[in-house]
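Based on the hints, put chains B, C and D with the ligands in the right spot on chain A.
Residue numbers (the working numbering), protein chains in the order written: chain A, 3 to 255; chain B, 3 to 255; chain C, 421 to 953; chain D, 421 to 953.
Fair warning: there could be bad hints in the mix.
According to the in silico footprint, chain C covers these stretches of chain A (three or more CB under 8 Å from chain C) [what the hints assert, rightly or not]:
id : stretch
1  : 78–84
2  : 151–164
3  : 184–190
Derived pair list, reagent style DSS-like, types lysine-lysine, alpha-carbon separation capped at 30 Å [said to hold, decoys possible]:
id : chain 1 : residue 1 : chain 2 : residue 2
4  : B       : LYS45     : A       : LYS185
5  : D       : LYS809    : B       : LYS45
6  : C       : LYS921    : A       : LYS45
7  : A       : LYS185    : A       : LYS45
8  : D       : LYS809    : B       : LYS136
9  : B       : LYS142    : D       : LYS809
10 : B       : LYS142    : B       : LYS185
11 : A       : LYS136    : C       : LYS921
12 : B       : LYS142    : B       : LYS229
13 : C       : LYS928    : A       : LYS185
14 : C       : LYS921    : A       : LYS142
15 : B       : LYS229    : D       : LYS809
16 : C       : LYS809    : A       : LYS45
17 : A       : LYS185    : A       : LYS142
18 : B       : LYS45     : A       : LYS229
19 : B       : LYS106    : D       : LYS928
20 : B       : LYS185    : A       : LYS45
21 : A       : LYS106    : A       : LYS45
22 : A       : LYS106    : C       : LYS928
23 : B       : LYS45     : A       : LYS45
24 : B       : LYS185    : D       : LYS928
Hints are computed from structural coordinates only; laboratory data are not their basis. C-beta: ideal position from N, C-alpha, C; glycine also.
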Amino acid sequence: MPDGTIVRPYGDTTGDGMVQTSFTLPVPPGPRADGAALQLAAKMGIEPAMVVHSHGIGGGASGAEFTFFVVYGPVRHLVDLDAVQVEERAYPLLSPSEVDAAVKTRLRRALVVLGACIGTDAHTVGIDAILNLKGFAGEKGLEYYRELQVTNLGAQVSVPDLVRTARARRADAVLVSQVVTQKDAHLRNTRELAGAFREAMGESRPLLVVGGPRFDPAMAADLGVDKVFGRGTTPGEVASYLVHALVPTEETT
Amino acid sequence: MPDGTIVRPYGDTTGDGMVQTSFTLPVPPGPRADGAALQLAAKMGIEPAMVVHSHGIGGGASGAEFTFFVVYGPVRHLVDLDAVQVEERAYPLLSPSEVDAAVKTRLRRALVVLGACIGTDAHTVGIDAILNLKGFAGEKGLEYYRELQVTNLGAQVSVPDLVRTARARRADAVLVSQVVTQKDAHLRNTRELAGAFREAMGESRPLLVVGGPRFDPAMAADLGVDKVFGRGTTPGEVASYLVHALVPTEETT
Amino acid sequence: MSGLTLDPALVARARELAARAAAPVVDLAQTHTTVSVERAVLRLAGLTGTDPVTGEVTGGRAGEQTDRVPWVNRVVDAVREQVGLEHGVALPVWHAITSGRASGLPELAEQVGAGTARFTLPTDPEPARHAARAAVSAGIARIDANRARREELVTQLGDPPRRPWIYLIVATGDIHEDVPQAQAAARAGADVIAVIRSTGQSLLDYVPEGATRTGYAGTYATQENFRIMRAALDEVGAELGRYVRLTNYASGLCMPEIAVLAGLERLDMMLNDAMYGILFRDINPRRTFVDQRFSRMVHARAGIIINTGEDNYLTTADAVDEAHTVTVSQLLNERLAREAGLADWQLGLGHAFEIDPDRRESFRLELAHALLARALFPDAPLKWMPPTKHMTGDVFRGYLLDGFFNLAGALTGQGILLVGMMTEAVVTPWLSDRDLALRNVRYVLDAAGGLAEDFAPPPGGFIDRRAHTVLIEAVGLLERIADHPEGLIQAIADGTFGITKRSPDGGKGLDGVARLAPGAYNPALELLAAVHA
Amino acid sequence: MSGLTLDPALVARARELAARAAAPVVDLAQTHTTVSVERAVLRLAGLTGTDPVTGEVTGGRAGEQTDRVPWVNRVVDAVREQVGLEHGVALPVWHAITSGRASGLPELAEQVGAGTARFTLPTDPEPARHAARAAVSAGIARIDANRARREELVTQLGDPPRRPWIYLIVATGDIHEDVPQAQAAARAGADVIAVIRSTGQSLLDYVPEGATRTGYAGTYATQENFRIMRAALDEVGAELGRYVRLTNYASGLCMPEIAVLAGLERLDMMLNDAMYGILFRDINPRRTFVDQRFSRMVHARAGIIINTGEDNYLTTADAVDEAHTVTVSQLLNERLAREAGLADWQLGLGHAFEIDPDRRESFRLELAHALLARALFPDAPLKWMPPTKHMTGDVFRGYLLDGFFNLAGALTGQGILLVGMMTEAVVTPWLSDRDLALRNVRYVLDAAGGLAEDFAPPPGGFIDRRAHTVLIEAVGLLERIADHPEGLIQAIADGTFGITKRSPDGGKGLDGVARLAPGAYNPALELLAAVHA
Ligand code: B12
Ligand code: B12
Ligand SMILES: Cc1ncc(COP(=O)(O)O)c(C=O)c1O
Ligand SMILES: Cc1ncc(COP(=O)(O)O)c(C=O)c1O
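Just chain A, with the same shape it has in the complex:
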């Protein structure tokens, strides 16, 4: 590669910049459609682009109204690895026993965790993977931790209900899952969540953690929550974060 920090996509030779892309345009198949695909590819920085495949979609009497394309070629863009912002884990990964020890010795009481899927999202496998004993990827879920007092409210919980329960249970952290992302439902629901808690509890609101396969961990601030977890999160990561965020570094006296 040119220089450790500047790289390009790799087809079969260093620096060739090769990428594959596919898309559909609302244009009937033909030379004009292929030309349109090349124009788009060029705007994406693929040049010279090859339309290696195209076929019409739909179309009865009227003929196909759409064309699907597969395009190959080199992108001119460079990737600057130094400029990559990564949500580097700013806290150590702890084992369950370490988590329990930290809570016990430094917080001196059980940590109250509330979990739920809000809105009309019925996908609980994700939050269950984090909370349930069974856990995920070989790691036990938060319910396994002696010092965490976990309640999983399940799916389809309305935000007002969640706020009410959080207050009643004096929750330290509220964990919310959002899997359905169509029309950015997950983003809208998360903002609604953050707003509701701010309104209801202001500064004293619990730690807000959201997760789901389509979240970008870099978005926490933007969404008004404390932390966002994406695809492949493991319970250990979450528990470690909770300690980092909620447990005083010094023994409380």
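Only chains B, C and D with the ligands this time, still in chain A's reference frame:
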């Protein structure tokens, strides 16, 4: 669509701009790699991009040195259909009998056509599809045309040999196929071809036609040839073009 | 394909146990009614329309049409306040009409809206019964007409050229985007189009009205949307010379009403399974089992094929460890469906290709499970669901996996093949995903469909052994379920299915259930029972 | 998998006809030598090195190392000028040495370079014969040592866990890019790595030397490149605990020499087929049939598995109409290979999955053809080639098609599976294409590999009938070929294979052929014949 001439890629809703892309970066898998992929996607105009999949490639002891990504998201670019340049066929599609008639009545002699694959390219199926009786896509090849005198020199013909034969046979048109494109061999070979004929015969050089699956028909001028045919070309298109380019529109007297 | 040969004694035993395990549910359903059952009666009698909703908003944006409460809800709620639900709404409602307090249902609804309606039970029920029966018969007549029309169109245009039927989902949230996509899919080879619902709908205790454009990850099920899509598919069906079937979803809080609307608008298949609502939507078991029986009686009359949801269990439970729970559920669903009057050809029992593809022999395990279902229910169409749980963002791998799913469908003679999408783990399907998916199906069925001739799992071989293991595990589980007085209801509470526990008194909609009093009257039940009894 | 049962009489008849059809080729090869055969002798005797070429440039850039003419060429050309080729070069060359005109081959080569070398035939051939035999034995000893070393490594590290072996192509043009890609492929599961050659090489009448970085669509086959890749694969093999095999290509104008280099650098498989050179590279039939016999004798000695090129016919001819020509060619190749001393386990006969996928039952037709090859050559590994001709730019479809190709390989017990690439119609494979392709193979073999147990094409069924049709057509064609005095050579001229006509006197390299004179001597032939005779 916004306005007939401006369109965007179509995922499941008009104007959503959705595209799929995949590529490999010379970076070990991990959050940093995913970040790098997002950076590239952003530069391609995909925003917000989702890295929906990534896995390491290679790597033994040292661990994987490459990461493969699949990315989905909307591109901000618009496609302006009016700005699309298409190699619109500037000549009518003729049937074999029409071609023969045109040559017979207006040229008053057989049209001499020479075909070959040049360089080390051994792919003859393409040129054969255009020249051989058998033809392609249900159309008979040029050998079938009574008024075309076709010689197929086959593959691996050197440019000097081709020039020599063209001169000897007084070829009206030389048809060349290039299928291997690695390191742009097809472009280089075509330029070499054009140069050699210019040098050897200047203005009196035969019509130069090249074809192959990876050629962009818009490149003829740039390559110094008269016409370029791409994937899926049919013999009829080629014959019609030959008439258009070589046969006087008026009866010769 | 040389099917499996199962021990007939074992199979008979399984069915007898299923009947016992399902008995408490049948009894429950026969002795209760629900707000949705009663609303369905009014819908059969032709009552439609809404007025602006006040109060909590679900689904689409506030103040939107999808939030307007239908008159059928208003009327049933009013009757319930004034005389309770235990006699059904037919007597009080048509008593109000026969006794001249209202000219008909529309005027009555207006009175309810204005708060002036008064409901009482007639001392002599005959006139009300008679009027109710007449009104409801009109709706049932329309359902019968639709069934006849379907048979006519099928003979005219023809059925799909081969089995399995190709079943494809459309889900833009906007009925006007759904239409072109559904037509494109049909042209590309889909035999059945399903329009999935907006994520929130199955929790709504009413059925929205009108053409809708604001669903999330699905489009609202409304009578008008049904009508629009039915017309669009009839149009493309005529163009293609093949009857294109339409599917929607009944499961949820409004099974009976949606079943009625499906019959009125000539839908051809309906996802209909109380178990799905209980396990995956946390709907109260009593409520939805009562609703299910009524809705299935309507489907039976309408000649609609139902699809059950066993496939979903494998998204939360392991497809190998819990394979037998699918078999058990299929046997129970068969029992409950037959009791409601459905014929075997109407039973699209669900199962799925959900085994971890990284597991050795995973494909052959799938074949074993699929063959078992085929052998147990020889006359049921069977709904074969594609991989979802183990699909990832690697769309290439996903496309390959779907190809092997298609092959398994062909090898094991499935009746309805739900087309898998390479973007399963990414987005709700794009137009191009659906097109590529159908090309995948076409390649596999055309190129390898006949392979069934060469597919002969030897007795005692890997596949045969696996199928029998699952059957034996299923019978064992059925014994435990049947031994409990609450049967299936208890098994659900124990987390038997999809490792999800649901108690009989928990979940949504229990307050909409009422035990029937002596003299209760439901004209629809009477008319529907007439046939299959 | 229950194989096909073929009529033994018909099979015997086919082999007897193949022997007759191949006879003229065997006779030709036994009575002629070529410049490449003679150069191979010098290479076995240890002569290496080049000097700058003058004159026409082929392959890489001008003045480049790949254009330098090796000393073996210089020497053979000099001998030929002075005494002709018909006695072989051994006698004149070692006569020059034994008679003291040169200390050894290197000095002799220098004299040739300087134009001072003088060659004559010895009156008493014995001293020259003796010296030549000794010199060549050294090379053959090294080949034997490599064969022993391979067997040692295989017992040490082990063979691939299962059949078919996963065979993967690397082709960047730059040996230093090839290495990491080959190692990545091995780590991802490849059992065999093939480095294809630059497009031009098979037409070069010399073997380039050194490490090269400038090939097109392939990397030059040079002894140094062989060495580099061998070392790289031994390294990764040790890491993986699995012997990783290396393949290259002998076919072309230098079959004998490349065969020698392969033996000297412990390659494990070689593409070796005169028919490929004739049909697809327009190499003269006489030239390459003579070269082929010598090269196969060397492979036999080196314990190398050859791969033949029947698969290529189906890229120019239709895979269904011309299926029998593949069978005929396989039988002829078997005959010619055995005659050259190769054992059945060394015969990687080629065939391919090239039927138009849009054709109904295409997959089952493929299975029929693959089973026929399996049944005809039970002890040969068989090289199963992926779809290429009908691959398109639709990489999703291509990925699916490759999955079914992999399945066919597993169902029909192929020995060597060449991994197909979804980008076949687009580019020479990318790193990621190879990785995805291997994931495809892994899924299919792990998940469905055992399906062979359930695959039992019934006698008289579609597959059985098709296989027999092809066999009968093959026998019919063999009869016509055998009846002609020129046998195979005439059949090639008639355009029997790959619908390509090649006349015995056309094509490249005929001028490099000489009929052997009485007293001609080739120490290598003598030593190699010693074994299998
Ligand atoms: C299982 C499943 C279901 C099951 C859910 C069962 C259940 N009880 O959860 C059933 C069958 C009920 C179902 C139904 C529907 N589903 Co669904 N379903 C899936 C499926 C196949 C797998 C999801 C899953 O379980 N993944 C496994 C878990 C472990 O991964 P995960 O959720 O990403 O969670 C991990 C991380 O994201 C993170 N995480 C997740 N949440 C949280 C929360 C916190 C606090 C933290 C720290 C971390 C965290 O940690 C987890 C472990 O690493 C996906 C497709 C797919 N393969 O992804 C579709 C999918 C999610 N479903 C989808 C849809 C649309 C539906 C329906 C709405 C369709 C319909 N209209 O009928 C229905 C209705 C459900 C509803 N209203 O929400 C779409 C969503 C599309 C989108 N992106 O908007 C998907 C993507 C399928 C598709 N392509 O259409 N579904
Ligand atoms: C068949 C084939 C072969 C056959 C060729 C047999 C023969 N006699 O032609 C054999 C097996 C010999 C072969 C060998 C090799 N091949 Co090859 N081969 C193919 C294959 C599978 C199909 C090509 C084909 O026949 N297409 C069908 C014809 C009809 O289509 P077409 O060529 O595009 O022609 C149409 C249009 O392009 C146009 N057209 C083409 N030429 C012309 C000319 C004129 C004048 C006009 C008007 C129109 C026109 O009209 C035609 C009809 O529509 C492709 C993969 C693929 N599926 O495309 C690889 C492919 C072309 N081969 C490839 C390679 C690398 C090779 C080798 C060099 C590999 C190696 N190192 O061993 C060898 C060596 C050959 C050489 N030195 O060139 C690569 C090229 C990569 C690249 N883009 O650079 C490909 C793409 C495969 C791959 N992905 O690696 N190959
Ligand atoms: C039986 C059944 N009913 C209903 C649904 C969909 O219900 P909802 O609209 O609540 O997502 C499904 C989901 O696949 C199902 O399997
Ligand atoms: C038998 C055989 N030899 C050689 C080759 C490659 O030869 P070349 O390097 O000339 O492309 C092939 C191509 O696949 C082949 O099948």
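Hints and how they fare:
no. : hint                  : verdict
1   : 78–84                 : violated (count 0)
2   : 151–164               : holds (count 3)
3   : 184–190               : holds (count 3)
4   : LYS45(B) x LYS185(A)  : holds (23 Å)
5   : LYS809(D) x LYS45(B)  : violated (36 Å)
6   : LYS921(C) x LYS45(A)  : violated (53 Å)
7   : LYS185(A) x LYS45(A)  : holds (25 Å)
8   : LYS809(D) x LYS136(B) : holds (17 Å)
9   : LYS142(B) x LYS809(D) : holds (20 Å)
10  : LYS142(B) x LYS185(B) : violated (33 Å)
11  : LYS136(A) x LYS921(C) : holds (15 Å)
12  : LYS142(B) x LYS229(B) : holds (21 Å)
13  : LYS928(C) x LYS185(A) : holds (27 Å)
14  : LYS921(C) x LYS142(A) : holds (20 Å)
15  : LYS229(B) x LYS809(D) : holds (26 Å)
16  : LYS809(C) x LYS45(A)  : violated (36 Å)
17  : LYS185(A) x LYS142(A) : violated (33 Å)
18  : LYS45(B) x LYS229(A)  : holds (26 Å)
19  : LYS106(B) x LYS928(D) : violated (39 Å)
20  : LYS185(B) x LYS45(A)  : holds (23 Å)
21  : LYS106(A) x LYS45(A)  : violated (57 Å)
22  : LYS106(A) x LYS928(C) : violated (39 Å)
23  : LYS45(B) x LYS45(A)   : holds (10 Å)
24  : LYS185(B) x LYS928(D) : holds (27 Å)
When the structure is compared with the earlier hints, violations turn up for hints 1, 5, 6, 10, 16, 17, 19, 21 and 22 and for no others.
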